[in-house]
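*Asks:* For reference, the chains in residue letters:
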Amino acid sequence: MAHPSQLGFQDAASPVMEELLHFHDHALMIVFLISTLVLYIIVAMVSTKLTNKYILDSQEIEIVWTVLPAVILVLIALPSLRILYLMDEINDPHLTIKAMGHQWYWSYEYTDYEDLGFDSYMTPTKDLTPGQFRLLEADFRMVVPMESPIRVLVSAEDVLHSWAVPSLGVKMDGVPGRLNQTAFIASRPGVFYGQCSEICGANHSFMPIVVEAVPLEHFEFWSSVLLDMATMEEVTLMMDEDMC
Amino acid sequence: MKEESDKRKGMKFLGILDIQNTPCARESILNGAGGSVVAGLVHFLATSRVKRSFDVGVAGFMLSTLGSWLYCRYDNAKLRVQQKVIQDGIKNKVIYEGTTLDPTRKTRGDA
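Residue numbers (my numbering), protein chains in the order written: chain A, 565 to 808; chain B, 67 to 177.
Be aware that one or more of the hints could be misleading.
In silico DMTMM-like pairs for lysine to aspartate or glutamate, Cα to Cα no more than 20 Å straight-line [unchecked claim]:
no., chain 1, residue 1, chain 2, residue 2
1, B, Lys150, A, Asp679
2, B, Lys157, B, Asp168
3, B, Lys159, A, Glu583
4, B, Lys144, A, Asp656
5, A, Lys690, A, Glu678
6, B, Lys78, A, Asp575
7, B, Lys157, A, Asp679
8, A, Lys735, A, Glu624
9, A, Lys662, A, Glu678
Label-pair distances were calculated between CB atoms; the ranges are [to be verified]:
no., chain 1, residue 1, chain 2, residue 2, range
10, B, Arg118, A, Ala641, 18 to 28 Å
11, B, Arg92, A, Ser788, 42 to 52 Å
12, A, Val635, B, Val103, 17 to 27 Å
Rather than coming from a laboratory, the hints here were simulated on the basis of the structure. Small disclaimer: the values here were computed from a predicted structure and weren't measured. The beta carbon of each residue, even a glycine, is placed where N, CA and C say it ideally should be.
The whole structure should be built from the sequences, with the hints applied where relevant.
*Replies:* Below you can see the structure in the form of structure tokens.
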């Protein structure tokens, strides 16, 4: 997850994010070389004793500074397009989860097999236990099985939201009345944090996303526990209604 | 914690390129420095022009760094693909070994 005064990306937790990190390193090296060249030229121009105000028509330098940027752009574009198409590859998801944005919380629905749904509110700062992260923790996490392709359908119930988890390399806008699809594979078990990435009102900064990747058997256990809890709540509600 | 603090202290060239934590960066910069010295020195020995040799040295630095970087990253990418193939192979072997789906299982004529 993020650490204070961090400038770079978080460690990758999905294959797509690993590729994005590698591409970023590649683009940064090219930027570094260009910056070095420009810095050197600036120093050379400032410190030169030569003053010729009548230089005209130098074909060689014109060719160089036309062809070289084109070559550099090709060196950047090829890996970029590769990753772009890699991110759009058709995968066969093992699980589909709907992430619905509300003001100001997320709700998750796992409806592939049973009807499982829950809301995920930010844990208030005063309720944090030692070791938890301020403004990032939520009461219920979105638990997913690790090393499985997961499809996430993102939408919203009221205003624009955006479901983003940097370490998984996913960000998808939640638009009311529209279903946007994204997918990821969590390469390793862990807890991955994100925050709403589209301005959505007063508490836009206080609706975090927490994804917990666990082995499949743990995921099955967690989902069965949640389903049991939901069943017990329904039974309790029915009993209350009968008593009334 | 020590690993995290080491990672945070990575040296950044021009404030942007983290040499220690970026794969192939350190080798590329070192190769670039070597290429720069060689190119500049050779040009100076041939022409005795100091300023122009310095320019050639800088150009040599950039070309050597870029060339070394592209070569190293290409090798790195091939290695990562091989790693992924091996990882998938090990995972599939663990899952399918001993079953009918095991691709290494020798089929018998009478089966």
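*Asks:* Give a verdict on every hint.
*Replies:* Here is what the structure says about each hint:
Between Lys150/B and Asp679/A the alpha-carbon distance is near 35 Å, which puts this suggested pair outside the 20 Å criterion. Taking the CA atoms of Lys157/B and Asp168/B, the gap is about 12 Å. The hint holds against a cut of 20 Å. Between the alpha carbons of Lys159/B and Glu583/A the distance comes to roughly 26 Å, so the proposed pair goes past 20 Å and is violated. The suggested pairing of Lys144/B with Asp656/A is violated, with an alpha-carbon distance near 25 Å, which exceeds 20 Å.
Between the alpha carbons of Lys690/A and Glu678/A the distance comes to roughly 35 Å, so the proposed pair goes past 20 Å and is violated. Between Lys78/B and Asp575/A the alpha-carbon distance is near 18 Å, which keeps this suggested pair within the 20 Å criterion. The straight-line distance between the Cα atoms of Lys157/B and Asp679/A is roughly 31 Å, outside the 20 Å bound, and the hint therefore fails. The hinted pair formed by Lys735/A and Glu624/A fails the criterion: a straight-line CA distance of about 46 Å is larger than 20 Å.
Between Lys662/A and Glu678/A the alpha-carbon distance is near 13 Å, which keeps this suggested pair within the 20 Å criterion. Against the hinted window of 18 to 28 Å, the Cβ-Cβ separation of Arg118/B and Ala641/A comes to about 33 Å, which falls outside the hint. The hinted window of 42 to 52 Å between Arg92/B and Ser788/A holds, with their beta carbons roughly 50 Å apart. Evaluation of the 17 to 27 Å hint for Val635/A and Val103/B yields a pass: the beta carbon distance comes to about 25 Å.
In summary, the numbered hints that this structure violates are 1, 3, 4, 5, 7, 8, 10.
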